[in-house]
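Given chain A, work out where chain B should sit, using these hints.
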Amino acid sequence: MTEKNANNLMLFIIFLALTVIMTVMIPERFLAINNFRSMMRQFPEYGLLALGIMLAMITGGIDLSIVGITSLTGVVAAQVLIRHAESSLPSELFVAVAVLAALGVAVLCGLLNGILITIANVPALIATLGTNSVFLGLAIVFTEGHGIRGFPPEVLLIGNGQALGVPVPFLIFLGIALFLGLVLNRTRLGFNMVMLGSSPVVSQFSAINNTLVLIKTHIMIALLAGTSSIIILSRVNSMRPGYGSGYLLLAILIAILGGTNPNGGFGTVLGVGLGIGSLQILTSGLNFMGFTPFFRNFIYGLLLLLVMVINYYRRQYSGRILVPKAGAGTESGQQ
Amino acid sequence: MKDFLKGLFKHNETYLALIIIVFAGVLTLINPQFMSFRNIFSLLKNSSGTAILAVGFLLVILTGNIDVSFPAIAISAQYIATTTLIALDSNSLALAFAIAIGIGLLYGSINGFFVTKFKLPTLIVTLGTFNMFHGFLLEFVGTRSINIGQLPDAIKDFGDINLFTVAGSGSNPVGFSIFVGILIVVLLLTFFILRFTLLGRGIYAIGGDAEAARRAGFNVNRIQFFIYMYVGVLAGIMGMLHIALINYGNPNYIVDSELLRVIASVVLGGALITGGKGSLTGTMLGVLLIVTLEKNLVMIGLSSYWQEFFVGLIIVVGVTMTHVQAKLQSTQKVTIVRSH
Numbered sequence: 001m002t003e004k005n006a007n008n009l010m011l012f013i014i015f016l017a018l019t020v021i022m023t024v025m026i027p028e029r030f031l032a033i034n035n036f037r038s039m040m041r042q043f044p045e046y047g048l049l050a051l052g053i054m055l056a057m058i059t060g061g062i063d064l065s066i067v068g069i070t071s072l073t074g075v076v077a078a079q080v081l082i083r084h085a086e087s088s089l090p091s092e093l094f095v096a097v098a099v100l101a102a103l104g105v106a107v108l109c110g111l112l113n114g115i116l117i118t119i120a121n122v123p124a125l126i127a128t129l130g131t132n133s134v135f136l137g138l139a140i141v142f143t144e145g146h147g148i149r150g151f152p153p154e155v156l157l158i159g160n161g162q163a164l165g166v167p168v169p170f171l172i173f174l175g176i177a178l179f180l181g182l183v184l185n186r187t188r189l190g191f192n193m194v195m196l197g198s199s200p201v202v203s204q205f206s207a208i209n210n211t212l213v214l215i216k217t218h219i220m221i222a223l224l225a226g227t228s229s230i231i232i233l234s235r236v237n238s239m240r241p242g243y244g245s246g247y248l249l250l251a252i253l254i255a256i257l258g259g260t261n262p263n264g265g266f267g268t269v270l271g272v273g274l275g276i277g278s279l280q281i282l283t284s285g286l287n288f289m290g291f292t293p294f295f296r297n298f299i300y301g302l303l304l305l306l307v308m309v310i311n312y313y314r315r316q317y318s319g320r321i322l323v324p325k326a327g328a329g330t331e332s333g334q335q
Numbered sequence: 336m337k338d339f340l341k342g343l344f345k346h347n348e349t350y351l352a353l354i355i356i357v358f359a360g361v362l363t364l365i366n367p368q369f370m371s372f373r374n375i376f377s378l379l380k381n382s383s384g385t386a387i388l389a390v391g392f393l394l395v396i397l398t399g400n401i402d403v404s405f406p407a408i409a410i411s412a413q414y415i416a417t418t419t420l421i422a423l424d425s426n427s428l429a430l431a432f433a434i435a436i437g438i439g440l441l442y443g444s445i446n447g448f449f450v451t452k453f454k455l456p457t458l459i460v461t462l463g464t465f466n467m468f469h470g471f472l473l474e475f476v477g478t479r480s481i482n483i484g485q486l487p488d489a490i491k492d493f494g495d496i497n498l499f500t501v502a503g504s505g506s507n508p509v510g511f512s513i514f515v516g517i518l519i520v521v522l523l524l525t526f527f528i529l530r531f532t533l534l535g536r537g538i539y540a541i542g543g544d545a546e547a548a549r550r551a552g553f554n555v556n557r558i559q560f561f562i563y564m565y566v567g568v569l570a571g572i573m574g575m576l577h578i579a580l581i582n583y584g585n586p587n588y589i590v591d592s593e594l595l596r597v598i599a600s601v602v603l604g605g606a607l608i609t610g611g612k613g614s615l616t617g618t619m620l621g622v623l624l625i626v627t628l629e630k631n632l633v634m635i636g637l638s639s640y641w642q643e644f645f646v647g648l649i650i651v652v653g654v655t656m657t658h659v660q661a662k663l664q665s666t667q668k669v670t671i672v673r674s675h
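So the sequence lines, in the order shown, correspond to chains A and B.
Counting in the numbering used here, the first sequence runs without a single skipped number right up to 335 at its last residue.
Counting in the numbering used here, the second sequence runs without a single skipped number right up to 675 at its last residue.
Think of the hints as simulated: they come from the structure by calculation, not from any bench.
A virtual CB, placed ideally from N, CA and C, is assigned to each residue, including glycine.
Hints are not guaranteed to be accurate.
Sample of chain B residues at the chain A side, in silico, Cβ under 10 Å [what the hints assert, rightly or not]:
| id | residue |
| --- | --- |
| 1 | V460 |
| 2 | G470 |
| 3 | E474 |
In silico negatives: residues of chain B with every beta carbon more than 10 Å from chain A [said to hold, decoys possible]:
| id | residue |
| --- | --- |
| 4 | V357 |
| 5 | P367 |
| 6 | T419 |
| 7 | L423 |
| 8 | F526 |
A few chain A residues facing chain B, derived, Cβ under 7 Å [what the hints assert, rightly or not]:
| id | residue |
| --- | --- |
| 9 | V134 |
| 10 | L136 |
| 11 | P262 |
| 12 | F294 |
Chain A on its own, in the form it takes in the complex (with noise of 0.2 Å):
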């Protein structure tokens, strides 16, 4: 059995098996159907940003501005929305235009961070982390710290809508993981990726062109938080700067619980989706037992702490990594 399928199976046993627990011990209010709509339509704003975080390590890197990339392209959408009470165009028309104005400065964001790591030449993780500040703080800024309140209705269909009983949001993230896994498996840009991830020596000798390759993974990212951050501002019916900044945590932890390798070459759609499956489950089982969020900060913590070291043994035993460099310094793996 290869990697990735042994992978994807124990990660399915573990849904499965938490999805057992959860209805044995709240048989009634686990198995209701307005509790897996709720699930539904909270898991896809940090589903995407899982996403986004694994095209990262695919490619050996990390961005950890998807929550800054989040609060700006949300508040610029906002921004465009409020307008529309002095306004006597239609307000499907400002809602189009938001999301375009959202996704146009989520480009910029990605292509801002790309640049940076490839033509500057920074180590994602250091490049990543100070864009952070500069979108969020940009956010802060347009808003002067307050949330952004009075949008159209049509807008809060995306969030809270449903098609044919379920819920709008997991359509969008059903749609989008298909599409991506597409991209990694089928095309060149995602086989480039893995290539990247792997070895960038390699890549760089085989003719990819990493700077290109590194920019379009960027831009993706950050399309994702931009997504992701219409969801969120439709859903909640408001936009703060630095709305969700614990997502960037759970999006890490989904993506190494998914199985992706933060040292790069590896990493699944379907694994990254059973992740958000078992999470999401845990969450609401710890939820339900009312436990505060402390807590579950805590267990999250332990959980990515532990998860790394299953997969560490997994990977010795599958001899995949078969000697451990010595210095744990992975986080300079990008060229």
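Chain B in isolation, oriented as in the chain A frame:
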């Protein structure tokens, strides 16, 4: 003399010092009080906590790793030490520091364990431990803030100790705080380790190339373990200085402010995030510039909303300059190698 000047302008530190001098000049023109002993000494006192954290972070960066958990260690050490003192009705500063440093050692060794034993990416490990440490603090120790009335006198008095005073008297002296004294001790110790011990050479060697350092006979694991413990201890000390400085403790302080400030300072000081390059002088100048800038943002006509943006911009511009420089230098090296 000419050679000396030439050498001087090869260093990042010189440019940084010039920027600080120009900036201080501008601030003095706006407000002549800026260059007073009172203001300078208070600036040094206020920034010594950040500076101590920056020293620890510099060591991590020198080895090419990262640690984002140190703010959580600092606040845990501070809060657990102080609440223990209150619970025991004790007024012993030594006990407070012993607890804080003990927690720093314990948490630092947890980081060190995961990093060295499993060779995991240090960013993700310390992101995990950050949430564990802080989550543990809020869930199991407490979420309430400690106000000045509850604070043991020993801690309050500690914040007011001056090593010497230059002016003023009674309740309002202009003095050189013990905080700066502690910072100087930390700096001297770290300088000694980096400059005169095998450990220090090992730290630079790992940052240059971990595999090469291992083959040269350095015990890479032990050095990394030491660094994470050292960072933990420094974070513990910083936690105590912080509560003595503001006479108020809140389990959510430090975590949301110090991480970026420290990273920005170290990066601005010319340290290469990929390891092997960085200096204490540069780091201290970086801290000085960041703290001065943050404190005087309003004075140069910008509202405090700009703070996050500016710190981010400083990080981005700082790292870009350092890494473009490094890239240019390495290209030169390659051409030299080829031409021979």
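With 10 Å as the threshold, tell me whether B:P367 passes as away from chain A on beta-carbon distances.
holds, 30 Å
Does B:V460 pass the interface hint, meaning its C-beta sits closer than 10 Å to a C-beta of chain A?
Because about 7 Å separates B:V460 from the closest Cβ in chain A, which is inside the 10 Å limit, the hint holds.
Hold the hint about B:E474 up to the distance rule: shortest CB distance to chain A must be less than 10 Å.
Cβ of B:E474 sits 4 Å from chain A, so the hint holds.
Quick one: work out the minimum CB distance from B:T419 to chain A and report holds if it exceeds 10 Å, violated otherwise.
B:T419 is indeed farther than 10 Å from all Cβ atoms of chain A, at 20 Å.
Claimed clearance of chain A by B:V357, with the beta carbon kept past 10 Å:
It holds; B:V357 is separated from chain A by about 23 Å at its closest Cβ, greater than 10 Å.
Assertion that B:F526 lies outside the chain A interface [Cβ separation over 10 Å]:
holds, 23 Å
Hey, does B:L423 actually stay past 10 Å from chain A on C-beta?
Correct as stated: the minimum Cβ-Cβ distance to chain A is 25 Å, above 10 Å.
Status of the A:L136 interface restraint (C-beta, 7 Å, chain B)
holds, 6 Å
Let's test the interface hint: is any C-beta of chain B closer than 7 Å to that of A:P262?
holds, 5 Å
Can you verify the interface hint for A:V134: is its Cβ closer than 7 Å to any Cβ in chain B?
holds, 4 Å
Under 7 Å is the threshold here; is the Cβ of A:F294 close enough to any Cβ of chain B for the hint to stand?
It holds, given that the least Cβ distance between A:F294 and chain B is near 4 Å, below 7 Å.
Checking hints one by one. Is B:G470 an interface residue toward chain A, by the C-beta closer than 10 Å rule?
holds, 3 Å
Checked against the numbered hints above, the structure breaks none of them.
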